[in-house]
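A.B. asks: Construct all of the structure, not just a fragment, from the sequences and the given hints.
In order, the protein sequence lines correspond to chains A and B.
Okay, so the first sequence: first residue is 1 according to my numbering, each after it adds one.
Okay, so the second sequence: first residue is 1 according to my numbering, each after it adds one.
If you're looking for bench data, these hints aren't it; they were derived computationally from the structure.
Some hints here could point you the wrong way.
Each pair may be met inside one copy or between any two copies, as identical chains are not told apart.
To be verified - Below 30 Å or equal to it, Euclidean Cα-Cα: the simulated DSSO-like pairs (lysine-lysine) are:
1) Lys139 / Lys270
2) Lys288 / Lys89
3) Lys339 / Lys89
4) Lys124 / Lys339
5) Lys288 / Lys124
6) Lys129 / Lys89
7) Lys139 / Lys201
8) Lys3 / Lys288
9) Lys3 / Lys270
2 protein chains.
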Amino acid sequence: MNKPQVQANDLIDVAGVRVAAVASHVRYANRLDLVLMELAPGSTSAGVFTQNAFCAAPVHVARAHLEQNQGAVRYLLINTGNANAGTGKVGIDDALACCDALAQEAGIARHEILPFSTGVIGEKLPVHKIAAGIPSAIKSLGNDWLSAAKGIMTTDTCPKARSLTLTIAGKPVVITGMSKGAGMIKPNMATMLSFVFTDAKIDQATLHSLLQGAVDQSFNRITVDGDTSTNDCCVLSATGQSGVELSNDNPQDLALFETELKALVQELAKDIIRDAEGANKFVTVDIKGGVTSKECLLVAYAISESPLVKTALSASDPNWGRILAAVGRAGIENLDVDKIDMYLGDVCIVTDGMLAPAYTEAQGQAQMQQEQILITVDLNRGDARETVWTSDLSEEYVRINASYRS
Amino acid sequence: MNKPQVQANDLIDVAGVRVAAVASHVRYANRLDLVLMELAPGSTSAGVFTQNAFCAAPVHVARAHLEQNQGAVRYLLINTGNANAGTGKVGIDDALACCDALAQEAGIARHEILPFSTGVIGEKLPVHKIAAGIPSAIKSLGNDWLSAAKGIMTTDTCPKARSLTLTIAGKPVVITGMSKGAGMIKPNMATMLSFVFTDAKIDQATLHSLLQGAVDQSFNRITVDGDTSTNDCCVLSATGQSGVELSNDNPQDLALFETELKALVQELAKDIIRDAEGANKFVTVDIKGGVTSKECLLVAYAISESPLVKTALSASDPNWGRILAAVGRAGIENLDVDKIDMYLGDVCIVTDGMLAPAYTEAQGQAQMQQEQILITVDLNRGDARETVWTSDLSEEYVRINASYRS
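C.D. replies: Here it is as structure tokens:
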């Protein structure tokens, strides 16, 4: 599959933000595994977090700090190699100890820091290694966005970062963001790790609403394996240094920004699918004609997470019967299967619940051999529509996940 | 994994039942793919069927016939190689045409026959091949139970059949049954194909209640891949030829029979897991301390169907963090993660929501290297308990399902 390919000069600097990535040997030697992101005083931040009941210690701490500082965040501190999840009270203390080390070094309060961890679940966080890496991270702060995007990777095979500039009231406004994730991907009201920055000035309530809206249509619409991580987080920070203020007082400007933000975050989410573990296909599952969004999503996820549909996708086999079987078990009440239409790309395979008379296996085969596959199911019973992005299930996915810890 | 190993002389004849398996070339040449089972006049039958909204044509027909004949079934007609699913009205006509061919040959009414199909979804049933095979199937009727169990196989690697004799009122009563299935396994109020026979005399209402009870604790508690088939069916037939009558008038005898029936059907269900596609592990997921059975099942299936848990099982990796993450995303309201205990076999890994102090990786490793693995999660919030049986997810599963149609 065509992996996301980001170059250093694709990424636009955000005034008021400095980043750094260093090797602190959390799990592996000589690997960028500690990332620091600094926000200028006066910046605002909003975050959304995993809904997994076993959410990791840093998630608890980041959420509490965000409440305490009301969005006045100064640093994001991210380590890979260890998720600090399933570690109970000790894990909380460890996350706080990392914040303390940074707070002391930077001369700020602990609650101005949001900590993030990603990696293996259930192992104690090596606080001393992270603390030891902090001084050199501070010294390295600058605008090497690509290294930061590399520094948050785990099983990812490539960094994922995007930038855009839009013009508001004649002035340029920048949005630059990055994401990580390749497996254990079914974000739920949150995401894998993603950090997005803008130099617009936005109050925290507005920022949170912008973030939630963007995440709902991006990270909350992707699935690799249906497994929601314990560590999902997405943060949006606004430094205000462009001199452009966005608020509900200027609804048109805000709407323009919202559209661009959503587009950027959606691409960051799709980048995760493009780099999904072992994946060879980028699959869009488009369900329309539902009575509610909820039932469209039930069908979309039943298809997107069916091992049988995913193995057929991996083999480029237009085994549409498996897609129908997934629709049929999605749990939609009073589903009239005789009304259902199904398409692969623009090829109609099923019409009124049965094989379309004009369909040929060769047509289906041609669609399935593409790298980008569109599966459309029309339930023909309402006006709701939802799209989910997913990947195929290959032997390589099994190999990666059978060996991830070793 | 130790596959089920049944020999011809393990299977006990059921008076009033004759079976036959022939090759009718539905999909492959020289393969037993058409099975006929004959019940003596006076027999009763009950059936449970898939809850998949896209249920296959033969499921519609079998259900309608069972309603029409009130359980007075004379023949079960089963083909493999083609599921006759997703075939709409034409599929119904085809299933009826197969019944017609048998009815004419056997001199009985069409509705005294229950048809079953299993195999590839979405292709037209080759009625003429099945009709052509019926005369030789009738001629071959006898007691070759093992061939019948082989004749209903698709991706199964071995036949699955079980027999037992119990004594009621001093007389022997036989139960003999068979099942098929290895993938697309998450029966829902039904099963893959399974046919169970007894020579006890049991009225249809009692028979149905016995069957439903047995299936709920067996076929409805297994999952290979979470994919509910379009063709699941389980039939229980009673010929009455042992001279032993079972009814609510003799609750003790009925209870004895029920216990033995449940045990046999549970082993048939477990046989499907033992033969699960690509599987190397037989995994029992035991969830206790739930408030309701429903929440225990939510947790059990979240674990059993997690690709990350299943790949860790495949690799014999005691990656317990993935099990916790699955518990955390199972959707249990107000789950207090600090109360959760988790065991691998008799090794306590998690206590009060965090790593047990005495746990060592070597202990977990020793458990995971077994072929039979027991995962126990105690939610410690109620008295409900449910058990689900499942398998691991291997590269071989992906290989099998990426090539199944070709």
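A.B. asks: For this structure, which hints from the list above don't hold up?
C.D. replies: 1
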